[in-house]
Each structure stands twice: as structure tokens, then as C-alpha cells.
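Engineer: Please construct the entire structure, taking both the sequences and the accompanying hints into account.
Read off the chains here:
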Amino acid sequence: MTAEPSTPIGRPEPAGGGGLALIGRLAAAPLARLAAAYLLLAAVFAIAADHFLTTDNFLNIGRATAVFGIAALGLTVALIAGALDVSFGAVMSVCGILAAERIAAGDGAAAAVAVALAVGVGLGLVNGLLTAVLRLDALIVTLGTFSIFGGWAFLHTNGAPTPASDDAFARIGRGETLGIPTPVVIMIAIALVLAVVLRWTGFGQRCYLVGDNPRAATLVGIRAAWVRAAALAISGLTAAIAGVVMVANAGVANAGEGERQLLNAIAAVVIGGTALAGGSGLIVGTLLGIAVLGTIDNGLNLLGVSSTWQDVLKGVIVVFALVLDRIRRRDA
Amino acid sequence: MTPLLEAVGVVKTFPGVRALDGVDFELRAGEVHALLGENGAGKSTLMRILAGDHVPDAGELRFDGRPVRLASPADAIAHGVRLVAQERALVPTLSVGENVLLGRLPRRRGRVDWGAVRAQAAELLARVGLDVDPATELGLLRRDEQQLVEVAKALSDEGRILILDEATASLSTSESERLFDVVRGLRAHGVGIVYITHRVGELASVADRVTVLRDGRNVLTAPLAETSHEGLVEQMVGRRLADLYPRARPEPGEVRLRVDGLSADGVCSDVSLEVRAGEIVALFGLVGSGATEIPYAIAGDVSARGVVEVRGRVGLVPADRRSEGLFPQGTVGRNIGAATLGRYGPAGIYLRGRETAAARRQIAALDLRPPRPWAPVAKLSGGNQQKAVLGRWLERGADVLLLSEPTRGVDVGARAEIYRLLGDLCAGGRSVLLASSDLDEVVGLADRVHVVSRGRVVSVLAGDEVRHDRVLEVATR
Chain G
1 MTAEPSTPIG
11 RPEPAGGGGL
21 ALIGRLAAAP
31 LARLAAAYLL
41 LAAVFAIAAD
51 HFLTTDNFLN
61 IGRATAVFGI
71 AALGLTVALI
81 AGALDVSFGA
91 VMSVCGILAA
101 ERIAAGDGAA
111 AAVAVALAVG
121 VGLGLVNGLL
131 TAVLRLDALI
141 VTLGTFSIFG
151 GWAFLHTNGA
161 PTPASDDAFA
171 RIGRGETLGI
181 PTPVVIMIAI
191 ALVLAVVLRW
201 TGFGQRCYLV
211 GDNPRAATLV
221 GIRAAWVRAA
231 ALAISGLTAA
241 IAGVVMVANA
251 GVANAGEGER
261 QLLNAIAAVV
271 IGGTALAGGS
281 GLIVGTLLGI
291 AVLGTIDNGL
301 NLLGVSSTWQ
311 DVLKGVIVVF
321 ALVLDRIRRR
331 DA
Chain D
1001 MTPLLEAVGV
1011 VKTFPGVRAL
1021 DGVDFELRAG
1031 EVHALLGENG
1041 AGKSTLMRIL
1051 AGDHVPDAGE
1061 LRFDGRPVRL
1071 ASPADAIAHG
1081 VRLVAQERAL
1091 VPTLSVGENV
1101 LLGRLPRRRG
1111 RVDWGAVRAQ
1121 AAELLARVGL
1131 DVDPATELGL
1141 LRRDEQQLVE
1151 VAKALSDEGR
1161 ILILDEATAS
1171 LSTSESERLF
1181 DVVRGLRAHG
1191 VGIVYITHRV
1201 GELASVADRV
1211 TVLRDGRNVL
1221 TAPLAETSHE
1231 GLVEQMVGRR
1241 LADLYPRARP
1251 EPGEVRLRVD
1261 GLSADGVCSD
1271 VSLEVRAGEI
1281 VALFGLVGSG
1291 ATEIPYAIAG
1301 DVSARGVVEV
1311 RGRVGLVPAD
1321 RRSEGLFPQG
1331 TVGRNIGAAT
1341 LGRYGPAGIY
1351 LRGRETAAAR
1361 RQIAALDLRP
1371 PRPWAPVAKL
1381 SGGNQQKAVL
1391 GRWLERGADV
1401 LLLSEPTRGV
1411 DVGARAEIYR
1421 LLGDLCAGGR
1431 SVLLASSDLD
1441 EVVGLADRVH
1451 VVSRGRVVSV
1461 LAGDEVRHDR
1471 VLEVATR
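Heads up: the protein sequence lines correspond to chains G and D, in order.
Under our numbering, the first residue of the first sequence carries the number 1, and numbering increases by one thereafter.
Under our numbering, the first residue of the second sequence carries the number 1001, and numbering increases by one thereafter.
Worth flagging that the hints you see were computed from the coordinates, not collected in a lab.
All figures in this text were calculated on a predicted structure; none of them were measured in a lab.
None of the hints are false.
Cross-link-like lysine to any residue pairs, in silico, SDA-like; alpha carbons within 20 Å at most:
| # | chain 1 | residue 1 | chain 2 | residue 2 |
| --- | --- | --- | --- | --- |
| 1 | G | 314 | G | 39 |
| 2 | D | 1379 | D | 1408 |
| 3 | D | 1379 | G | 29 |
| 4 | D | 1379 | G | 30 |
| 5 | D | 1379 | G | 327 |
| 6 | G | 314 | G | 302 |
| 7 | D | 1379 | D | 1320 |
| 8 | D | 1379 | D | 1369 |
| 9 | G | 314 | G | 44 |
From the derived model, a few chain D residues whose C-beta atoms are all more than 10 Å from chain G:
| # | residue |
| --- | --- |
| 10 | 1080 |
| 11 | 1093 |
| 12 | 1112 |
| 13 | 1137 |
| 14 | 1142 |
| 15 | 1308 |
| 16 | 1416 |
| 17 | 1420 |
| 18 | 1421 |
| 19 | 1423 |
| 20 | 1427 |
| 21 | 1429 |
| 22 | 1444 |
| 23 | 1458 |
Note that the Cβ used here is the ideal one computed from N, Cα and C, for glycine as well.
Structural biologist: Take a look at the structure:
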């Protein structure tokens, strides 16, 4: 050993290295800040509400968030690729209704789920194709299809509920797997898969490139429109899964039901730090966003705050998250 | 005679940068004083100080010999300073007259007096030699006409000092000539004009005296007649021109890129050229000639007719780094790896470690600073960002590099480095097609120059003919 400080070749330590610098860098990382904010929030509720800090309560939070959470995960992928998909709420309704109809027709849970997922991917691809062919912003296209898909759900059912009573199907929404509510298990599994897709596949990396700068991506030979279409198909798929879980849990499908998840899902993605303009974002962030929203609802419920006030508070948090996003972008 | 305006020992420091380090500057009535310098030399800072936008840390401003403190642009305007900034400050949907008199529309009994607007605007427009109806919507005017509206606006009251910042940046040669006529006319009326530019070539048409800034210092002030084009450029860049551009290159090899009769709507027509291994071939044209669009047509980015034959791979380095080249939210590694994602793992798998290793190779080869693959690319200097884009194609194994305006917005040090890099790449057997409107770099680098005008190659110059005067003469013919 020599007395000289040494650093691994090609990996110079940042100035002022050591534990303090690491904490400093963590504090500067948006996700670490979000996690810290979440812990603070949980601590406040733990002190203020008696039953907050129990296993059962956290499973409740999971159950309450799984439906919009699943949709938010696919939405994250689409948004990273620069496509803000607002049609997913209507896709949830449509796919939930189609699954319920298969159950009512006696086709069984597997067929019901298969139909719902296939249609979800198909509707996502419709969004993608319209975006690619018409060269329109995904937000505009999906605003249109949101209305079309959602309207179809009402026309098709005449606004009447479609019952879905099948034990196997109901277990998707109400059952437990390894002692954890099945919807939560599904959400975690999808989160793992999508996190791996984004981080470890060429497609995932292309999503970031296309979202960051579609023109530059095109010039390096990436088919930007098709990457976006695929990302929208993923968003359609998770919306379909969310629709199935929603209907399986309720035992009945209603038009307009999925649309009610819109605000929560978009809020989770935005709070999780995914850039509205595309090009950056992480599945972990969205999971944290889901947890923040679920915990706020749950904690305020325990404290007896009305749901109207909960919505107001969530809106404030979303605006705050967007302001942070803007500030971060301006610094960069 | 007392100068109209004097700046003595002006110092201005921004966090981390000494933008001006004791600069003296003097402007007399009835003279055009050119202010030359590279990006970052301090031209803009000095201009903003004269316009009251920045307050100097030290030093003094004198108007008519009297010390004055300019605390805001309003103070400068009160002393007769008028700035025509590089960014247009016009409203395209308003009329020409409204734009000229913006903020001081003549009123009568609380209402805008439209008759007076027309009359006053027409008079000012006549002063700058612009013959348009003041009621015309501004957006319908050509670029050069809009530039003259800017000048008319600056003169709409008692302006004695006119600062023109890169006024010809978006103008063609004939459009510039028209602006120069106006400048000469104003000079004859006793207006003092600070003419900021980095185009040495156009000074002969307008300037009486010239001051060169470099690294925040005044390195030369002299009557234009006592300077030479080359001397001024060398003062700007701070080194001999011969050292800026790489010279010795090997004999060219086989033909790598052959373009025959390439036509693309609105871009170019019937362009033919060849680039051999080890050659730098330039497409030169003034802004608007279409020269810098031709690489896009060759790369297949715009639909084109004609033959493009390539031996090897092509890489396009686009003109606008920010909007076309970079992934601004990404790291250096992501920017370098963007064109080769498929190589970083089997069957669609992406392993970041491999991308990082590839990025390290290119960072070392290009001497990119900082040498960290995970550094955010947005924090890099323009020159290093350009290296990241170049590295992307080198990583791809491009044999033919198509570059469009590769040094736009790149400071002089990095520029020399990019030139050296291009020289090295050619020495290593690659081929470079350089589309540029920068005469100096085209003459300094190219083995052959295809001069482009209105989308057509009007002449091909090689060998001894690749000189400033020859190229410019052909381009403006």
C-alpha cells in the first residue's frame, strides 16, 4: 500500500467523497426525496390515527390502490415514450364489460380474461396507429378515443350493469395469493416485468430516446412512431388488466366505472416523477406515487376527513408535483 | 472631438466566469464601429452593459464625456441607446406600423391616432429605405424586411447610438447589402453604430473601425483599413489560422460515397458528388441556399430521387444539436449508445455495462470532457455535445460522416478540436461530407468545395481554387 489516495481507474470519486456526500447526492435525487416525503406522511398518520400502522391496514391500502395502480404502470411506459394516454379509463370499462359478458355467457374465467386482454392491446394499438398515421399528439388522439371507447361502453350496455358471478373470476379481484390480496400481487408482478422491460431491453431504452427527442431518435434509425404505438399497446394491456381486476372485485361491470380511475392513475405517474413531456421516469417512482395516493386516502379516511377534501388535497399534490417537474426541467 | 460613448476598464463577472476583464471601447458620432469576437468572447456582455441590461462590476461609461451610470435599459434609452437584438422583438400578427411604434403609439384624446401612426411609421420606414404600407401585417414581410422594421423601430425616437447584434445572421448577401445601405445612411446622419458580428467578411462593406474581443479582453482596436481579413480572424481565435485547421492528409482512397442526380422537393435538385476515403468534401452555400439540407437528403431523411451509393455505413450529424442531435435528458453514455442499442446484449436484451464500456471508448478517442459516461449531456459544452453525437456514429462504425453545420454554437477552442478530429478521422480512412455556411471552415478544411445556390451545385472548386474570395464569388454570383 502506498500513502497516495487511489481511485479505481476511470471512475474518479466525486469531490468531497464519503458518507456525507452520498447522503447529499441521495437528497438531491427526486425519488429519494419522494420516499422521504412518503415516510414523513406515514409517520404523521401513524401518530394521528390509531389503526394506521397495522398489517391489515397496509393490505387495505394495497387493495384500494391496485386497480388504478395497475393502469398507472402501463401509463408510465407510454408517457416515458412521449405518449400521454388518457383513454385508458375507457379501455378499462370496455374490457371489464367484455370480460363480464364472457362470464355471463358461461365461457369461464380464462376466456373472459383472454378476451379482455386481447381487446385492451388492440385498443392500445388503435391509439398507436392513429398517432403514427395521423402524426397527431397522443394526448389528442387518446382524448378522442377516450370518448369513443367510453361512449361505446354505454351504447353497448344501455347503461345497465353486467353481472360477473364466477368463483374463479372473483378470486382475481377478491382472493389472496401467499396471504397478500391477489390484485396487489398482480400489480407488483406487472411492476417487476415493466421495470425489467424499461431497464434491460432495447425496446425500453428506445422508449426513453423517443420520449426525449423523437426527431433525434428518427435520425439514428429508430422507428419512433412504432415505439410509441407499442408503448400505447402496453398501456392498453395494463388498462385491460386493471379493468378485469376492477370487475372481478365488484362482481359487476358498469360503463363509466374505469373513467373514475383516471385522475388517480395520472396523479400516481406524475407524483412518481415521470416527465409529462416524456423521456424520463421510472416504474419505482410510479409505485411510490401509488403508495402516496393510497396512503393519503387511507389515512384521511381513518381520521374521518370527507372524500371531497381528499380529492382537493390530491389535486394540490399533483399540481405541486408538476411544479417540481417544471423546475427540474428548467435547471437541466 | 469628444466621443459619443466611451467604456473604460469595464469588468463584469458572472458566477464562475469573468465575462469582461477591463475592456475599453469608444464610439464616435457618425462612425460604424464593428465589434468582433467568437462566442463567449464578451461581445454580448459588453452590448448588454451599453444597453443598460447589465451593470458593470467596475469601470465607467461616459456619454459625451460625462460619466453615466446605466441602471436599467430605460436609462440607456434615455441616453439615446437603441438596441436591435439578435432575437426579433416584433409581433408578427400586428401591422408594420404598430410594430415600428410599439409601446409609443401616438394618441389623441386617449385613443390611438391611426392617421398619425401611418404618417410616423411611413416616415421611419422611408428612413430605412423600406417601401411597404404601414398597414401590412408584419408576418407577411420577408426576413430582411422584418430586420429593417427592427431598425426603423429602434429609430422611432431620438436614437443617437444604434447597436446592431448579428443583424445579418439570417440574411442573404443581397438582403445584407440592403441593410448596409441603411447603416451607411444613418452614419451620414451622425448616428454612432456598434456593429456586432462574427462574420469578418462583411466588415469591408460597412465598418470604419473594428474592435476585437477575446476572452473578455480588448485585443485590438484599429481602423478597418489597417487590418486584414486573416489578421482579424487570427486575433479572434487567438492563434494562427494554419494551426486551426489540420493539414497533412494521406492520398484519397476508393470512392466511398457517390451521389448522382439527387433531387428532393424544396431542398435540392440534381446534386452529384463523390467523396473518397480520407477526403473532406464541402457543400458550401449561404444561409437559405439549401446546402445544409443536402446531407439529410443523402441520409434518406427526406424523400429524394436520384442515386446514392455508399460503401460502408453512413452517419448524419445534424445541424441543430438541441432539436435533432441530442437526447437532452440522457447521459453521455445514452447519447453515444443511441444508434447501437441492439449491440448491447443478445435478442433485444440491453446491458448498460456494455453501453458504458462503448461510451468510455469513444470518450477516450474523442477526448470528451468530462470523461464520465453517466454525466448528463445537457451540462456539457456545445463542443463536447457535438463530440457525443460524433461518437455515436463512430461507435456505429460509420465510414462516411455527413455533417451539417458541425460547429454552429461551438466556441473556438472546441471548434479547433472538432476540426482536428475530422482531420484525424480522414487520416484514418473515413470520408467526410461537410455542409456548412461558414466560409472559414469550408476553406480551411475541404479538399473540394461544391458551391450550392438555390439547391443546385453551381460550381465545384478544388486545389488552389479553394480560397475565400473564389468560393464567395461563386456563391454570390
